[in-house]
Amino acid sequence: MTATEETAMTIGLAAEPASAGHHPAPATAARVVAALKRRRRWRPLEAVFWAATLASVLLLPSKHLILNEIAILGLFALSLDLILGFAGVISLGHAAFFGVGAYCAGLVATHGITEPLAGLAAAAALTALLGWATSYLVLRGTDLTRLMVTMGIALILGELANQMAWLTGGADGLQGIMMGPVAGWFEFDLFGTTAYAYSLSVLFVLFLAARRITNSPFGLSLLSIRDNPLRAAAVGVPVNGRLVQVYTLAAAYAGVAGALLAQTTQFVSVDVLEFHRSADVMLILIIGGTGYLYGGLVGAVLFKLLQDMLAGFTPQYWHFWIGIFLIALVLVGRERMVGGVAAAVRRLARRT
Amino acid sequence: MLTLLFDGIAYGMLLFILSCGLSVTLGLMNFVNLAHGAFAMAGGYATIVLMSRFDVPFVATLPLAFLFTAALGLVLERTLYRHLYGKSHLDQVLFSIGLVFVAVASVDYLMGSQQQIIKLPAALQGRVEILGVNIGLYRSFIIAICTVLVVVLQLILSKTRFGSRLRAAVDDRRVAQGLGINVNVIFAATFAVGSGLAGLGGALGAEILGLDPVFPLKFMIYFLIVVTVGGTTTLTGPFVASLVLGVADVAGKYYVPAAGAFVIYTLMIVFLLVRPQGLFARAR
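Protein sequence lines, in the order shown, are assigned to chains A and B.
The opening position of the first sequence corresponds to residue 949 in my numbering, with each subsequent residue numbered one higher.
The opening position of the second sequence corresponds to residue 207 in my numbering, with each subsequent residue numbered one higher.
If you're looking for bench data, these hints aren't it; they were derived computationally from the structure.
Where hints are given, some of them may not hold.
Here are the simulated BS3-like pairs of lysine-lysine, each with C-alpha atoms no more than 30 Å apart in a straight line [to be verified]:
1. 424(B) with 1252(A)
2. 424(B) with 293(B)
3. 1252(A) with 985(A)
4. 1252(A) with 365(B)
5. 424(B) with 459(B)
6. 424(B) with 325(B)
Going by beta-carbon spacing under 8 Å, a handful of chain A positions derived as facing chain B [to be verified]:
7. 996
8. 1005
9. 1038
10. 1085
11. 1215
Okay, the calculated beta carbon distance ranges per label pair [stated by the list, open to error]:
12. 1113(A) with 318(B): 23 to 33 Å
13. 1256(A) with 354(B): 25 to 35 Å
14. 442(B) with 997(A): 35 to 45 Å
15. 1186(A) with 285(B): 39 to 49 Å
16. 316(B) with 1260(A): 13 to 23 Å
Everything numeric in this text was worked out from a predicted model, so none of it was measured.
C-beta atoms are modelled at their ideal positions from N, C-alpha and C, and glycine is treated no differently.
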């Protein structure tokens, strides 16, 4: 199967009938528009998913702190999905944006602007700028070069945060973040209820935006770049431009996730920029599956549950099991494992 | 000043021994193996265990560390790595990160998380003054061993039949296969030797680099820098890259300690931007 056919399959385009040979262009355009419309339609399972998250706000009041973490991780993984799942860019330094977003929101708060939404906006703007600037470094080279450059950028930023103690608090972390009420109305409370509701709303809004963006001609062009950049360029997709745009967008998403963490936990440490964050977020996305937006969210839930379970079992060594899991996942075949589950879900969705 | 240069060279030599195996893995099989440091760590711990439990003298543990990690590499290559050559880079990255996590946690469990200390024999301790340059005996020992290894490796690569097969396979795997070279066997052998060298490097470097369970994560970036900057087609590239990296790191930490690791990372990014294929690679 060629890459173009694969892309066509993923967006649900039927093979072109032979009789349409005379005027293929308008027919294809119409079919693409129809396919996009089909993709944009809400499926029942999606409604179930969001209804369940809404229910968790009301029904699980004692778990709001961990649910808040899950929502933030989910948003972070969603941002990685935008570049890895849709554009095929491997990054081992995505924590760079998460960390910068966290520090930015924290610093905005310690410098007197305690409105959380303003902090989010500042973090998004700064990380988008950073993403845009570094995207040109990431464009070059192969997978390995990209790995190294993304990892290098994250390491440099981590080192910076460590050294610039006058600004970031260095190894002690950024302390004394006091947040005002969200939108001047909802005070943060001890049980994390406001925090969770706040993170979840931000996640939902950004998810909607990502859903709309990926189910657009822009999103389709990303898929074609992922499947075969050379061919995408040959049919007139501005490969580099698109990659810059999606990388910038993903950076802003990750920045917002980091900002949420800083605001809801009221603390930022150098830990937000460390390598294990980048590795964890990739793992989360892989557990959930790439390229359909829900992967990061499902993965975040599973990851936290797994972490809770394994950490209770062997607190110090839970990375051992994560490692075993990763090895097994790759050896069995990511597609087979995740794809099998996805296929089952799809069958279920079709039946309902 | 010269002492610094000397230390830097010893450090660079060590990095080369640690990472030359990785360069072959990458060049031959296009396999992104982030778990290379785990083999180095295995070698280091092999030396520790041999010395503390079985009272083997330090120098005698070095070949044993080599053999142990080479065997380990061979077993893992035949059982696990083999299945991943055709897979995407993402799969390889996930797999090798998984392996690193397992290695880190296992060593932590078995040996404890504290830094391990190697007791060097008295003959290798201390420093001497030669022509006003203050030279550490242990570092000259490292340089001597590594120089011998580099020469031997270069000779094997350029003079033996195995070496020419290996070079052919790195250049173009498919054509080499078509000519009847059994690339899989060559690769298994090279992987084992590469792992063994990493293990030897880990054992030698335990005193200088420090050895604790997070070793593979801490030094992963260094190995990758050597390989990506040096390129994967020759041994010269990684060798020069390691020396530059070693000297730059030692000098950077001495003269501008505040800049910390910036120098290295920035250099790496600049190198990668200017020469994405490596320092000495031919343009394809």
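Evaluation of the provided hints:
| no. | hint | in the structure |
| --- | --- | --- |
| 1 | 424(B) with 1252(A) | 25 Å, holds |
| 2 | 424(B) with 293(B) | 26 Å, holds |
| 3 | 1252(A) with 985(A) | 34 Å, violated |
| 4 | 1252(A) with 365(B) | 55 Å, violated |
| 5 | 424(B) with 459(B) | 16 Å, holds |
| 6 | 424(B) with 325(B) | 23 Å, holds |
| 7 | 996 | 29 Å, violated |
| 8 | 1005 | 33 Å, violated |
| 9 | 1038 | 6 Å, holds |
| 10 | 1085 | 6 Å, holds |
| 11 | 1215 | 24 Å, violated |
| 12 | 1113(A) with 318(B): 23 to 33 Å | 31 Å, holds |
| 13 | 1256(A) with 354(B): 25 to 35 Å | 52 Å, violated |
| 14 | 442(B) with 997(A): 35 to 45 Å | 56 Å, violated |
| 15 | 1186(A) with 285(B): 39 to 49 Å | 45 Å, holds |
| 16 | 316(B) with 1260(A): 13 to 23 Å | 22 Å, holds |
Comparing the model with each earlier hint shows violations of hints 3, 4, 7, 8, 11, 13, 14; every other hint is respected.
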